[in-house]
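Participant: So you can see what is in the structure, the chains are spelled out below.
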Amino acid sequence: MARRPRARKRNAPRAKKRRNRSPHYSPFSTWWNQVNAAISFSLRRLWYNPISTWITLAAIAIALSLPAALHLMVKNMQTLTDDNQQIPTISVFLKQHISTDQAKDRGELISELSEVVTVLFVSKENALNKFKRLSGFAETLETLEENPLPHALVVTPNLRIMNDTKLTNLIRTLKSYPEVDAVQSDNEWMQRLRAIMDIAERVILVVSVLLALTVLLVVGNTIRLDIENRKEEIDVARFIGATRSYIRQPFIFGGLWYGFFGGILSLVIVHFSIFFLIAPTNRLSTLYGTQFNISGLDFSTSFYILIASGLLGIVGAWIAVTSHLRRREITF
Amino acid sequence: MIEFKQISKKYPTGQLALYNVNLTLQKGEMAFLTGHSGAGKSTLLRLIAGLEQPSDGTLMIEKTDVGKLKTKQIPLYRRRIGMIFQDHHLLADRSVFDNVALPLRITGLHHRDIRRRVHAALDKVSLLNKEKQNPMMLSAGEKQRVGIARAVVNKPKIILADEPTGNLDPELAQDIMYTFKQFNDLGATILVASHDHHLIEHMRKRIIVLQKVNV
Ligand SMILES: Nc1ncnc2c1ncn2[C@@H]1O[C@H](COP(=O)(O)OP(=O)(O)OP(=O)(O)O)[C@@H](O)[C@H]1O
Ligand SMILES: [Mg+2]
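First to last, the protein sequences are chains A and B. The first sequence begins at 1 in the numbering used here and counts up by one. The second sequence begins at 1 in the numbering used here and counts up by one.
Since the hints were made in silico from the structure, they are not lab data. Some hints here could point you the wrong way.
Taking lysine-lysine pairs in the DSBU-like style, the calculated list, with each CA pair at most 35 Å apart, reads [what the hints assert, rightly or not]: (1) 157/B with 231/A; (2) 181/B with 231/A; (3) 5/B with 212/B; (4) 70/B with 231/A; (5) 231/A with 63/B; (6) 10/B with 231/A; (7) 132/B with 143/B; (8) 231/A with 72/B; (9) 231/A with 68/B; (10) 132/B with 231/A; (11) 70/B with 157/B; (12) 143/B with 231/A; (13) 212/B with 27/B; (14) 130/A with 175/A; (15) 72/B with 143/B; (16) 157/B with 68/B; (17) 10/B with 27/B; (18) 27/B with 68/B; (19) 212/B with 231/A; (20) 175/A with 104/A; (21) 130/A with 104/A; (22) 95/A with 130/A; (23) 212/B with 68/B; (24) 104/A with 124/A; (25) 130/B with 231/A; (26) 95/A with 166/A; (27) 72/B with 5/B; (28) 5/B with 157/B; (29) 205/B with 181/B; (30) 68/B with 10/B.
Facing chain A, from chain B, some residues (calculated, C-beta under 10 Å) [to be verified]: (31) 89; (32) 105; (33) 109.
Just so you know, even glycine gets a beta-carbon here, dropped at the ideal spot from N, CA and C.
Chain B on its own, in the form it takes in the complex (with noise of 0.2 Å):
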């Protein structure tokens, strides 16, 4: 399913993010990847989502391989992977709907079927009441889920997180895992930031540490 063969990311300003990485993960997996700050997890993530491309080694994402992308080809690529940012990257100039609604609207979905796919995403999220809202008038943990609600709208198999539980108290953090648990349960490939240990030990799923590269 997901892949990494000997993968480097080098960035245009020289720095050297991930330095010949190799990982696994199967279908219908769930993992989370933890390591210090600035050890790359955000850089492999955006690798996965096809926001970076790598610099060496070979990265396949269910038989695609992503390095070999065409320019065209990225944003097609970009719609099977949701992705759940650090900073949630909501637009502060429309509602909860709109924001969650975003990826139908790229694909180019009729209006009919976008509000019935964001009511059902905004259900599983438990949000359905606040579809009108702004979401910079929703609290911390409320906006987390409206970013995962916009991630997983598409069905996409493969759910990438950032960091999603970054500044929740530990409870809502807990609940924001279960929420990905469930997408698990359901069939998606599942995997997560987070330097949360003691989070991420309790909810009992396989755990990737990146060591940062050292130059």
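Same shape as in the complex, but just chain A (with noise of 0.2 Å):
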């Protein structure tokens, strides 16, 4: 009772008095304030209701890692096809009456198209030594009388100047020349793996939209539940003079850490889900006789996933707190 008299003299008539704002509070530091206690109120709401909380943290998490894998997916065997691209060749082969001078002319002129880098002229002889090589029927091509391979030129196109219609056109090219028999594209299945990638890159798409609506569902839906059971505090606290930010703050917030920490969630699994493919990964290409090493979510990725998350989250919360105070504000 030791205020009474100073707050007398302030309730004292024709006193100045500003009594529902403290002087020095500048509107920043009000709002300041009251985000701090927000920021704070829903993590502590998360925390004390573990089991809702980790429910939907994880339905969030295991929705956003299923396009994380998928895009990984995709990264990886893009670099698949990125490595073997380093020697895209096409191999011409002539016709089996073609000389060797012919076919070293033929070589000449090629390599003379602004589209072409090197062409390199492979004998019959060399091709069929390399066959017996390789074959292991080195005996029974030894009884041939004949050497039933042409002469070949192996032609590495201009890479920077390439693309998918120009390869066709020089491919076209080449097969007009009267003396070749036959043109075959070594990445002519890289090209359709990458086809394949192109479409998988918008079933991904997709996915991730769906996904990203999933999210937005989960994390409306938790925070709506949560309104539902502060329904009471909602009005009260408009009662005495809430302004529908401060109602809306906290569940907003609330959002914000079910998307960020649903996002947190989703890398873990998504890394601990490559951990677990490595080693039949590493198995596979040693098999091919390969060197194939699967790559992880890199640090840009891993950030844009959880800013997306975050963001989902925060709209999430946004439409069901809005949603709410539109509905109940007809009576007062």
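Using the hints, put the two chains back together into the complex; each one sits in its own frame.
Facilitator: As structure tokens, this is what we get:
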């Protein structure tokens, strides 16, 4: 009761008073105090409702890790095709009757094309020797009277100016020469793989959009239930002068935490899955005699996933709390 | 200070709760509002508190035309008024301290100032020793005093109370009324709705009788 005299003085008539706001409070510090309270309040709510928090986080994390894992799969396949693209050569097989000189002349002419970097002449003798060596049929082949293989030219196209249509055109040009019997592009299957991956990327996009919607719904619904539980508190706060943004803040932060922590959990899931895959992929690549290292999510991708999941959480919470306020506001 | 000019209030349900009410309360005045159940006492208080808008007439509170407030201004207006509710509206999920602190948190005060002011308010209703308790564990009279502390913690110039002594025994009821009188002595304008005639006559303050609207 020691405060009484002071209070009386303050309440004296005609005394200048601004009782509802202390003079040293700037709008920013008011806002900051509210935000601070909303952050700690929303975090405490997650902490003290561990079961529902973990269920929600797990649902979000699973929804997020699916597109992340698919993305990673495509990325790894891309590095696979990229590696092999370092030597995209075109094999040009000449007709049987073409002589070595004719073949070399044609090779000269081809090397002058602007799309071509080098042309390597592979004589039929060389080709046979190589075939003997690799096939293990050496003795059988020895009995042949005549070399069944044609001369060949191995053409390396200029990668810097090459795209799929130009490559097709070059192949068509090569085929049109009278000496040429057949043309085979080594990277045809690469092109096919790339086309498949283009489709895969679209699929990932669609899946990502659907799962983003799922995250939105999960967060929205969790926040809606939270609002339902705190309806009385919201009403009381409104009665005594809470603004809409004050009501919104803790829920928006709640949504942010769900999104953000769900995102972190999904990164953990993805990394664990990769860890799980490393041993079998290594075994597979040794079987194929290649070196293929599975790569994880890089920093920037992880960062974007967290940003996106945080935003999804905020949007989901915003929708939930705004629709509640709109429905509730009619009465007062 | 508080001026009702030909105020009518019709609820969306079509219920006419107040019809053509004229009433003036001076600054620093303390008055009791009485009348039969359904006469519109709660409605009248809710209008002053900014929880309802008048359907007709002009309601001036300290130079503010309450009927003309924009949606955005209403929360700020509500903070200027301390309201004690009929069913006290205390939150069961937090301590007495946090219940009383709510209006200050809404205003965005720093927690240091919040603590100081909440303690001052609890001190005024002699509940400082119960600040950590859950309000649901308190007796009816104590609950009502927590509601009073919450209403006055923001130091409003107008304090409204809707049946604050509804289910209290006479002695406690009188205590509560004296608490209001103390705030009135400090300069606050006070309007208390009550149908306890014996009690309000004893207080020797102005008594406003509200007649039920006959349709
Ligand atoms: N939210 C509402 N919607 C519709 N009608 C309402 C609402 N609140 C009150 N009323 C009606 O308005 C009239 C006045 O109600 P009010 O609560 O103001 O009376 P009161 O004098 O406080 O009564 P009591 O002494 O029982 O508390 C009543 O007929 C009531 O049914
Ligand atoms: Mg009433």
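Participant: What hint numbers does the structure not satisfy?
Facilitator: none
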